[in-house]
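Asks: Chain by chain, the residues:
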Amino acid sequence: MTLALVLAALLAVACVVVVALPFLRDPEPVSDTLDELDAGDRRRLELVEARDRALAALKELEFDHRTGTASDDDYRALVGPLRREAASSLQDLERDGAAHPAVGVEEKGRPTGERTS
Amino acid sequence: MAELGRAALVVSLSLSVYALVAGAAAAHLGRRRLAFSAQNALLAAFASTLVASAVLLSALLRNDFSFTYVARTTSEALPTAYTISAFWGGQEGSLLLWLLVLTGFAAAAVRLNRGWARDLIVWVVPVFGAVSTFFAFLLVAVANPFATQAAPGDGLGMTPSLQNPYMLAHPPLLYLGYVGLTVPFAFAIGALISGRTDERWLVATRRWTLVAWTALGIGQLLGAHWAYEEVGWGGYYAWDPVENAALMPWLAATAFLHSVMIQEKRGMLRVWNILLVLLAFSLSLFGTFLTRSGVVNSIHSFTQSSIGPWFLAFIGVVVTVSLALVFWRLPKLRSPTKLESVVSREAAFLYNNLLLLALCLTIFWGVVYPLLSEAVRGEAVVLGREYYDFFLRIFGLPLLLLMGIGPLIAWRRASLRSLLTTFRWPTGAAVVTGLVLLALGAGSSVPGLIAYTFAAFVITTIALEFARGTRARKALGATSWPGAFSSLISRNRRRYGGYVVHAAIVLLAIGIAGSSAFDTVAEAKLTRGQSMEIGDYRLEYRTLDERIAANATEIRAELAVSRGGRDLGTLEAGKNAYTIEEQVSNEVGIRSDPLTGEDLFVIAEQIDPDGAVYFRVFVKPLVNLIWIAGLVFLLGSLITLWPDAREQRRLVERAREIGVPATR
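Chains as they are written, first to last, in our numbering: chain A, 1284 to 1400; chain B, 5 to 668.
Hint data in this document are derived by calculation from the structure and do not stem from the laboratory. Among these hints, one or two may not hold up.
Stated by the list, open to error - Partial chain B-side listing against chain A, Cβ under 10 Å, derived:
#1 Ala26
#2 Val55
#3 Gly271
#4 Ala659
All C-beta atoms, glycine included, are put in the ideal place defined by N, C-alpha and C.
Using the sequences and the accompanying hints, generate a full structural model.
Replies: Rendered as structure tokens:
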């Protein structure tokens, strides 16, 4: 009984230490704010996702054409709009990059989650 | 040591509550250290639950009957392997396994994804905390496995039907499946609360969903094999409510795994995908409720307990909160694109989803109907096998066909000319197969004949996809044919792993159709020396033996089997009388033909004191394809699950482009 209670107390203490670890390791941080995506990051993420989708669709169509799943006629009908879609998403991304120049992680000064002091 | 187990559970509960409260506060206030602290609490909750599990396992292995749970589920004579399986053989132990897997999955999912989706993860942690709080609370307050008593001389033993090697793997795999569905649920809810409805929650949970889905699939097949060998009624799936409880979330997860591809490739079905994840998780909770509440009478369920209302309340909260969140975030979930044509691959995926969901909801209705009829009319009306079989044919056969149609249609749209070309060979194979089977007499079962015809269509499609893909890879510069084949799979594991899984489903369909639509049965009461015939088999009853095993008395009737005059050896069928448990089980005799996949299945229904035995014998064509399908299913799942370095690089590159650290 006593041994069980001692072990239980040790377990509880160990768990408290693990939970408190971020505060123990970094008692006086320069910043305690979460590194979240701002509105610009999120807009850029959506553009990057749209670009990747368009490029992947083109790649898939090329492969389907090679395997015969997409006929020559279907390929010709689909490839144009897909290319335009991909080009448009690339342009959107470029425009966004020009309007809001990308800043490196360090330059943004985001807390990385590791010790900051 | 029961005190240590109890204390460890209280610690797990405290840590889960902390992960919920501190996690939510950290996410809301944007506090970094508090967020990490909440994440650590999930890890510590896993460690603490591990300690509680070790205490219970140790008590089981020591036959410490001062633990009420150990005394209720084991005995001195129980073999060690089954003593270990008693961990999940009872209500409290299986709940502990739930919590162990849940906290383990939660800690791992958070740790693996917090580098590149940190702003999403902070909202996922409190969701994990909420679910684990519920299970830890149940263990502490309602179904504690560490209740103690004055130790009796021996335990009550284990239900005989659970004393089977399949029980070592079947329940833990189902738990992995049920609990694994918490991961996509937590990420979906986290994405809804935080408004981060971009693709990242899908990418983060895709593999977790696949793991859960695979475990649930294999777990069900093992359960079916257990029922086939151990329950001894001549079948493998009885549409039992608890069997259905595992099938429903699997169907919902199957629909999600298909529709998620439409979101990734076309940006469509965002609301639908979230709803499917919520449905799969809610159904996994509903299945757990069915198994544990005692509301349904099933060979698979635990006894009546007070746990039901808690589960029902939790399911109610989960469904209400989830739907409210979806409604709140509807404007953010609008798709930027629309379906271009009803003849396209995404349309085929959509039809597949509708059929899967229809089948899932039909089964759900069949499960809840007796409960509703009892509540309304005071009499439980059970929907029988005919109800389920009818809807399995109505929805299952088109689903089977769609598995073959989908890969033949291009994304976005396909012309009639293109369809005529791609459908040519699969349709030809299906027609020829149908005609040959009709000539061989398979027309006795129309659904069976249709199933085989569709199966031929799908198999031809899959073979063509691999052949054409390999040829295309070779043309693109692969040095050899094996190299081209390997490159084909490694470059698109999800697509080609998926085709292997489709091949497994085809094998399953062939096995089910063969063994249910074309099986034969014969019954006879025989005395020693007498014989009976079924098909071209002849069985002669020779001897009846009684022997004493470690925990049971085994009575076996020996039958000499021959086919077309050729001796096939002997087969034993009988009963086991379990002394401690005071129960008797059927022990069936099965002779499998490795070439045809057919089983000769013998049940000794009744053994008279004078040695006469009432036998029921089945011949089940192709039934072994069902179990082979399990292996193929596992292979396909592993191909799909295998880590993809290209995808990892793409994620890192994407994160770098938007200026956030990808890995840390």
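Asks: Decide, hint by hint, whether the structure agrees.
Replies: Here is what the structure says about each hint:
For Ala26/B, the shortest C-beta to C-beta distance to chain A is roughly 8 Å, which falls under 10 Å, so the interface hint holds. A cut of 10 Å between beta carbons decides the hint on Val55/B: the least distance to chain A is about 6 Å, and the hint holds. Of the supplied interface hints, the one on Gly271/B holds, with its beta-carbon coming within about 6 Å of a beta-carbon of chain A, less than 10 Å. For Ala659/B, the interface hint holds, since its Cβ comes within 10 Å of a Cβ in chain A; the closest pair sits about 9 Å apart.
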